[in-house]
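K.L.:
These are the residues of each chain, in order.
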Amino acid sequence: MASRASGTGWFIFQRASGVMLVALFGLHFGIMHFSGADLDYATVSTRLSGNLYRAVDLTFLVLALGHGLFGAWMVAGDYLHRPWLRLAALILCAGAGLGLFLLGAVTILGG
Amino acid sequence: MAPTKLTRYRMKTGTWAFVLHRLAGLGLMAYLPLHIYVTGSLTRGPEEFNSVMALLDHPGLHFLEWGLLGIVLFHALNGLRLIVLDLGWMSDLRGQKRLFLALIGGGALVWLAAFPFFMRWL
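Top line first, the protein sequences correspond to chains A and B. Quick note: the first sequence uses my numbering, first residue -4, plus one each step. Quick note: the second sequence uses my numbering, first residue 17, plus one each step.
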């Protein structure tokens, strides 16, 4: 696929996920810091029991991890020139992404 | 004086924006695992979560959180600027500089206005 070879798909993903993350950050900061809601177990777990909120939070988690780790891997790729080091960075980013997704998903779905 | 990597480049607005965008992104990526880990205390029950939240309810940490908002705002607004430029809008040098200054100025206003909310004064 041409987009895979040229990186166009990832380029578009970074742009599209970035725009969505701006909206999700606005929502997140709005709820956490401007709504005046308490930050205690009862309030947060009640909020997380709603399916819409869970879906939004899972989307936020996936996009933030994807955007952040792909960005970090791109930065690493500018400085790491040996193939094995680039592969190590890719494995590190993918592993961190998977681990953090699982940790975040357990909190969102089981919190 | 022998040129260094920094002096060899012409450090103009776009170059600074590029460097700061990367640093902000890496900073946010370093913070994200910590945020996910701390929020994970929710799965360990009310006592654990409430005690972690009580620990984090400190003016110094609220101030750092406000600093985090500044990093998010810069990264987000500069990212939107890059998309505008990718689309070929305001692509002349004067337009680029104006867009950068307008976004940074607007972001700075939002950031300053958010200060009392983050410090829990409002």
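Don't read these hints as lab results, they were simulated from the structure. Do not take every clue at face value.
Label-pair restraints from in silico Cβ distances [said to hold, decoys possible]:
1) A:Pro78 x B:Met135: 16 to 26 Å
2) A:Ser44 x B:Asp108: 50 to 60 Å
3) A:Gly4 x B:Leu72: 20 to 30 Å
4) A:Trp5 x B:Gly76: 34 to 44 Å
5) B:Ala118 x A:Phe8: 43 to 53 Å
6) B:Phe79 x A:Asn46: 16 to 26 Å
7) B:Ala118 x A:Leu97: 39 to 49 Å
8) B:Lys113 x A:Ala32: 37 to 47 Å
Derived contacts from chain A toward chain B, CB cut-off under 8 Å, selection only [said to hold, decoys possible]:
9) Phe20
10) Leu22
11) Gly25
12) Ile26
13) His28
14) Leu34
15) Asp35
16) Tyr36
17) Gly61
18) Gly72
19) Leu75
20) Leu93
21) Val101
22) Thr102
Built from N, CA and C at the ideal position, the CB exists for glycine as well.
K.L.:
Confirm or reject each hint.
P.N.:
We went through each hint and held it up to the structure:
1. A:Pro78 x B:Met135: 16 to 26 Å: 49 Å Cβ-Cβ, so the 16 to 26 Å window is violated.
2. A:Ser44 x B:Asp108: 50 to 60 Å: Roughly 52 Å apart at Cβ, these two residues keep to the hinted range, so it holds.
3. A:Gly4 x B:Leu72: 20 to 30 Å: violated (39 Å)
4. A:Trp5 x B:Gly76: 34 to 44 Å: holds (38 Å)
5. B:Ala118 x A:Phe8: 43 to 53 Å: Given range 43 to 53 Å: violated, Cβ gap about 27 Å.
6. B:Phe79 x A:Asn46: 16 to 26 Å: With Cβ atoms ~35 Å apart, the hint is violated.
7. B:Ala118 x A:Leu97: 39 to 49 Å: holds (41 Å)
8. B:Lys113 x A:Ala32: 37 to 47 Å: holds (40 Å)
9. Phe20: Because about 6 Å separates phenylalanine 20 of chain A from the closest Cβ in chain B, which is inside the 8 Å limit, the hint holds.
10. Leu22: Violated - the Cβ of leucine 22 of chain A stays beyond 8 Å from chain B, reaching only about 13 Å at its closest.
11. Gly25: Constraint on glycine 25 of chain A not satisfied, violated at 10 Å.
12. Ile26: Interface hint status for isoleucine 26 of chain A: violated (12 Å vs cutoff 8 Å).
13. His28: Cβ of histidine 28 of chain A sits 5 Å from chain B, so the hint holds.
14. Leu34: holds (5 Å)
15. Asp35: holds (6 Å)
16. Tyr36: holds (4 Å)
17. Gly61: violated (11 Å)
18. Gly72: violated (12 Å)
19. Leu75: violated (14 Å)
20. Leu93: violated (13 Å)
21. Val101: Where the cut-off is 8 Å and the nearest Cβ of chain B is about 6 Å from valine 101 of chain A, the hint holds.
22. Thr102: Threonine 102 of chain A check passes; min Cβ-Cβ to chain B is 5 Å, inside 8 Å.
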